[in-house]
Each structure stands twice: as C-alpha cells, then as structure tokens.
Amino acid sequence: MDTTPLEVLKESIFHLLRAGHDLPAGDPVPFRIGPSPERKFGHFSTNVAMAYAKVLKTPPRQIALSLVKGLEALPDIESVSIEGAGFINMLLKPSYFQERVLRILQGEYTANFSLFPPDPIQIEFVSANPTGPLTIGHGRQAVLGDVLSSVFQKAGAALTREYYFNDAGKQMKLLSRSLWVRYNRLCGSEYEIPEGGYHGEYLSGIAEGLYREKGDAYRDRWDDSIEALFTERAKNEIFQMIKRTLESIGIRFDVYYTEGSLFRDGTVDEVLRQLRDREALYEKDQALWFKTSDFEEDQDKVLIRSDGMPTYFLTDIAYHYAKYRRGFSKVYDIWGADHHGHIARMNAAMRALGIPEGFFNVILHQMVSLRQNEEIVKMSKRSAHFVSLDELVQKVGKDAVRYFFAMVDKDSQFEFNIDLALSRSMDNPVYYVQYAVARIHSLFENARNKGLLFAEFQNINRLDSEDETFLIRDLLLFPEIIREICATQQIHRLTNYLYGLAYAFHNYYTGHVFVDLKQPELSNARLNLASACQKTIAEGLKLLGVSAPERM
RNA sequence: GUGCCCGUAGCUCAAUUGGAUAGAGUAUUAGACUCCGGAUCUAAAGGUUGUGGGUUCAAAUCCCACCGGGCACGCCA
1 MDTTPLEVLK ESIFHLLRAG HDLPAGDPVP FRIGPSPERK FGHFSTNVAM AYAKVLKTPP
61 RQIALSLVKG LEALPDIESV SIEGAGFINM LLKPSYFQER VLRILQGEYT ANFSLFPPDP
121 IQIEFVSANP TGPLTIGHGR QAVLGDVLSS VFQKAGAALT REYYFNDAGK QMKLLSRSLW
181 VRYNRLCGSE YEIPEGGYHG EYLSGIAEGL YREKGDAYRD RWDDSIEALF TERAKNEIFQ
241 MIKRTLESIG IRFDVYYTEG SLFRDGTVDE VLRQLRDREA LYEKDQALWF KTSDFEEDQD
301 KVLIRSDGMP TYFLTDIAYH YAKYRRGFSK VYDIWGADHH GHIARMNAAM RALGIPEGFF
361 NVILHQMVSL RQNEEIVKMS KRSAHFVSLD ELVQKVGKDA VRYFFAMVDK DSQFEFNIDL
421 ALSRSMDNPV YYVQYAVARI HSLFENARNK GLLFAEFQNI NRLDSEDETF LIRDLLLFPE
481 IIREICATQQ IHRLTNYLYG LAYAFHNYYT GHVFVDLKQP ELSNARLNLA SACQKTIAEG
541 LKLLGVSAPE RM
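This note's numbering numbers the first residue of the first sequence as 1 and each following residue consecutively.
Hints in this document: simulated from the structure, not taken from any laboratory. From a predicted model like this one, the values you see are computed outputs, not experimental measurements. Please note: incorrect hints may appear among the correct ones.
Claimed, not checked - Restricting the straight-line Cα-Cα distance to at most 27 angstroms, the calculated cross-link-like pairs of lysine-lysine (BS3-like) are: (1) Lys542 x Lys518; (2) Lys243 x Lys170; (3) Lys243 x Lys154; (4) Lys395 x Lys93; (5) Lys10 x Lys535.
Claimed, not checked - Simulated restraints on C-beta separations: (6) Tyr435 x Ser329: 54 to 60 angstroms; (7) Tyr312 x Pro37: 21 to 27 angstroms; (8) Ser261 x Lys54: 53 to 59 angstroms; (9) His199 x Met309: 21 to 27 angstroms; (10) Asn361 x Ala438: 36 to 42 angstroms; (11) His340 x Arg32: 26 to 32 angstroms; (12) Ser189 x Lys284: 39 to 45 angstroms; (13) Arg32 x Asp265: 46 to 52 angstroms; (14) Asp254 x Glu213: 30 to 36 angstroms.
Just so it is clear, CB atoms sit at the ideal spot from N, CA and C, and this is done for glycine as well.
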C-alpha cells in the first residue's frame with residue numbers, strides 16, 4: 001500500500017487551500033488531519049486553518065470558511081462544519097466507508113507499505129551478556145525490539161534482527177571465576193566470589209553439572225586453560241538459557257554476532273589502524289586513548305588498558321564498524337537509559353572512522369524498576385537481585401507478557417510490582433483485545449449453525465448507519481498507526497489503538513444483532529463488517545507477537 | 001556538581017507530538033437484553049497535569065527557574 005486513506009483526504013484539503021490562497025514560498029506548514037474526538041464533530045477533522053493562520057495573516061475561522069464550499073463539493077463529503085478556533089470537521093458519506101470496507105476485506109490496508117528504501121537495515125537488541133538469565137528489564141527491551149522490527153518490516157524495511165554476544169573480556173573472566181568458586185564449594189573447598197563477580201543461584205546449577213561430570217578434577221586448581229574451560233561452560237549454558245527464554249516469548253534473531261569474532265577476523269586491528277591513521281589516538285599512562293573530545297562533547301576514552309586488555313568500547317567500535325562494512329544502510333541499537341552516556345562517544349567513533357551521519361542510530365528506553373515493600377530496588381545480575389523473565393512468562397504466559405511490555409511508552413520508566421503483575425494477570429488488557437477476535441469467530445460459527453450462508457463482499461451497502469461508519473472509520477486508522485510508530489518508535493501506540501478498536505467493536509456488538517434470519521442481507525453485511533474488524537485486530541496482534549485465538 | 005529521561009485521578013498508565021470539555025483500566029458505587037460468548041456493555045464518583053513564571057489564537061506538551069524521582073558521568077559492560 002502506498003497512500004493511506006487519511007493522506008488522500010489531506011491531499012485534497014491542501015489542493016483546495018492552494019487553489020484559494022496565495023501560499024508563500026517555502027516549505028508547506030505541517031497540519032494534521034485525524035479522527036474527530038467526538039461524533040458530533042464528524043468523522044475526521046483538521047487544524048489546517050489554524051496552522052496556516054500565521055503565514056496567510058488571516059484569522060483561522062476565515063480560512064476555514066474559505067475551504068467549506070470546496071470541501072462540500074468533494075464526492076465523499078456529506079457535510080462540513082467549523083467549530084471552536086477554526087477546526088474543520090467533516091462527515092463523510094456511507095458510500096465512502098462501504099467502499100473502504102471492501103478494501104479492508106481485500107487486505108489493502110494491512111498489506112506492506114513502502115515507507116523504507118529497499119536497502120538492508122538492522123535492529124540490534126537485547127544483546128545481554130551471557131552472564132545470567134534475562135530479567136524483566138531485558139523483557140521490555142526484547143519486546144520493544146521485536147515489535148519495532150515487525151512494524152518496520154510491515155512498513156517495507158529489509159530488516160535483520162541481531163543479538164550481539166559478548167563472549168570475551170573482563171566480565172567473562174569474572175564469570176568464570178565465580179563459577180569456579182561455586183564448583184569448589186561442591187568439592188569442599190571454600191573461596192571468595194571475586195569483587196564484582198556473580199552471586200546468582202543459576203551458577204550453582206551449572207557447577208553441579210560440572211561436578212557430576214568431572215568430579216573434583218579442578219579442585220584448588222586454577223590456570224589459564226581451566227579458566228578457559230570454565231568460561232566456555234558458563235557461557236554456553238547461560239546462552240542456551242537465554243535463547244530458550246527468548247523463544248518462549250516468540251523471539252528469534254536472524255544473526256548472533258560474537259565479540260570474539262571481531263578479534264579473530266582482524267576487525268579490531270583494522271579499526272585501530274584507521275583511527276591511528278586519522279590521528280585520533282594517543283598514549284598516556286601506558287594506555288591507548290581515543291580523542292573523543294575532538295568529535296563530541298565528551299571526555300577521551302581508553303581503548304586499550306595499561307595491562308594490554310582492550311576495553312568494551314574498543315570492541316563496540318569495531319562491532320559497529322563491521323556493521324557498516326557488512327553493507328547495512330542504517331542500523332538501530334536499542335539501549336536502556338543506563339547506556340545513554342555511551343551515545344556521544346559512539347557517534348564520535350563513527351565520525352572518526354568516516355562513517356556517514358545517520359548510519360548509527362540509538363533507540364533509548366527507560367528502565368524497569370522493581371517495587372518490593374514500598375521500596376524501589378535496582379535490578380542487578382551481579383548482585384543476584386532481579387526478577388527473571390522466565391518466572392514472569394511461566395506465571396502469566398507469553399501473550400500477557402508481550403502485551404504488558406508493549407503497552408507502556410518506552411520513555412516512561414515503569415515500576416514493576418511483581419505481586420500485582422502476577423495476581424491480576426486476568427485483568428491484562430490483552431484478553432480484552434483477544435476476546436474481540438474470539439467473539440467474531442463465534443459469530444460466524446453461530447451463523448453457520450443457524451444456516452445463514454456468509455457471502456464475502458456482498459450487501460455492503462447495508463452498512464449505512466452512524467454506528468457503522470464510525471466503526472469503519474476506526475479501522476481505517478490502522479495504516480496511520482504504522483506510520484506513527486515508524487516515526488516515533490513508540491510501539492505502545494499499537495496497543496492503544498487495538499484496545500480502542502476492541503472497545504469500538506464490543507460496543508457495536510452490544511447494540512446490534514449480527515445474525516438475524518429475518519434479515520439475511522443486513523446480517524450478511526454486518527458479518528462482513530465483523531470480518532473487517534477481525535482482520536485488522538488480528539493483523540495488529542500479529543505485529544505485537546500476540547496470538548489471536550478463536551476460542552478463549 | 002554536570003548531562004539525559006520523567007513527574008497527569010487512590011493505584012497502573014494514555015492523551016492523535018501545540019489543538020476542541022485532560023481520557024482508559026483498576027479500586028468504589030449503581031445498573032443491563034429469558035436472544036449471537038457477561039473475559040462484555042451503560043452510568044456515577046474521582047484532577048489547581050509537582051510549583052512559579054514566560055512564549056501564542058491555543059500549553060500536560062515548547063522555553064526559564066525551583067522541588068521531587070530515575071539513570072549516566074570508570075583503564076566496568
């Protein structure tokens with residue numbers, strides 16, 4: 001699909017404006033057309049008159065008045081009114097909506113858009129280190145990334161979902177040692193978990209497996225090869241755990257990219273060479289520094305420590321350099337707000353490497369905090385203070401988890417009250433939306449049982465009441481939501497929309513009989529309407545990764 | 001201290017990105033067809049949008065200053 005219903009209307013309005021006024025040169029003033037807030041204001045309304053008041057040096061109401069005649073002459077318009085400061089409200093003819101119901105049934109408005117150029121893009125998200133199970137914090141990001149990816153794809157993006165896997169560096173060393181301490185405890189030797197190490201219970205399970213297999217072969221023994229063995233063991237088992245968790249909420253990545261590969265294939269050296277050639281590096285206190293301050297308002301950063309170990313920042317630069325070399329035209333990193341300080345220096349590095357502006361993009365989201373007994377606690381894997389995503393999925397299920405995380409604006413931090421989330425699982429609005437789909441399915445079952453033969457696309461002209469045109473109006477907003485999400489990355493607009501649509505349907509359902517053998521044509525028309533609702537809601541749920549069950 | 005995000009009904013969150021009388025869910029109260037699924041629907045009540053200024057036809061939204069919360073300011077990731 002290329003043009004949405006609202007864009008068509010907007011275009012007509014702009015034509016009328018241009019025909020009746022001398023528009024000043026330059027960019028057109030942005031204005032809005034959308035569903036009217038109340039029925040008494042018609043189906044759609046626009047603020048075009050207010051938007052242009054300043055440049056035309058004309059009072060808004062006067063501009064609005066100048067457009068009324070032209071609007072009323074349009075074939076789809078029933079009537080036009082001007083309200084308030086200069087809102088133009090439009091009531092459209094039933095024929096307009098009847099024609100569009102057919103398009104919905106044919107799948108036109110739920111088809112893919114072409115908002116994106118055909119060049120490959122990438123979204124990278126979750127990318128949690130394999131040092132422990134995923135938490136509900138990761139759950140939020142996982143859902144945000146996955147739904148955003150689906151929406152981008154719906155909008156025509158050639159998109160790769162990617163998970164960056166930190167399998168090298170200091171954290172792995174700490175993890176390895178933490179596991180070794182657990183293992184030794186089983187053997188009967190007591191050691192301290194290192195400073196900054198991992199205290200979570202999940203390591204005990206891995207240690208037990210190791211102990212069962214190898215006995216006390218590594219008791220009180222610690223060298224490079226044993227460290228490597230413990231690293232491998234911990235990393236692999238935890239990563240499988242993470243994959244299983246993601247799978248349980250329906251998330252699969254196209255690519256898992258490992259940090260280690262950047263060393264093996266020479267990307268890290270290549271990046272250092274390039275930065276050196278561009279004179280963006282210097283040595284100080286036996287460490288190698290990047291001149292971040294040459295490119296951004298930020299302090300210089302260490303790339304290689306005085307002990308020769310590369311920093312996370314260096315490999316991260318190399319990783320993004322590799323993304324560019326792999327041919328993506330644009331990449332999006334989804335980061336929690338705790339990483340926002342990293343943005344400026346990453347931009348600095350991209351610039352230093354000559355990577356074009358706009359290639360590297362960050363989508364930030366706020367944190368999930370945990371409420372326990374009136375106290376907000378920070379989740380941390382290292383301190384083992386967290387609620388695991390697995391626990392939540394097991395208690396409330398995949399659909400509720402996905403909807404739950406998708407419905408909150410990514411820029412709002414939200415307090416997660418675990419007891420509330422678990423005890424009120426049945427109040428999750430996902431069931432409200434799903435119920436609409438199930439209800440429609442049973443309507444068709446009912447029609448069949450009563451012997452009413454459903455004819456798709458037939459009797460649409462019987463959909464002519466206000467209740468019907470307004471319901472169809474809501475259906476037509478679906479493509480607008482896709483556009484808005486692409487522009488704002490706010491996936492909660494989708495849950496808002498679906499909830500509103502489900503509400504509109506439930507409301508209509510209560511006031512109208514769908515299957516009435518005495519009125520077979522009207523019934524058939526309404527079943528077509530129900531089908532259009534089902535199609536639209538199901539498409540939205542699909543983007544959310546939530547099931548649209550026929551029965552609940 | 002500096003930078004970023006946030007502050008909306010008792011609680012959890014919205015508000016078409018500057019628009020019309022700030023809305024839903026939940027909790028409370030009162031109701032709904034002997035009929036297509038009551039996991040639904042209708043209504044009441046609930047607000048000085050943290051505070052004080054400013055910008056304009058119009059501010060929860062933009063600007064400034066305070067207050068409060070979160071996050072970041074490492075040779076951690």
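Just pull the numbers of the violated hints for me, sorted ascending.
Failing hints, ascending: 1, 4, 6 and 7.
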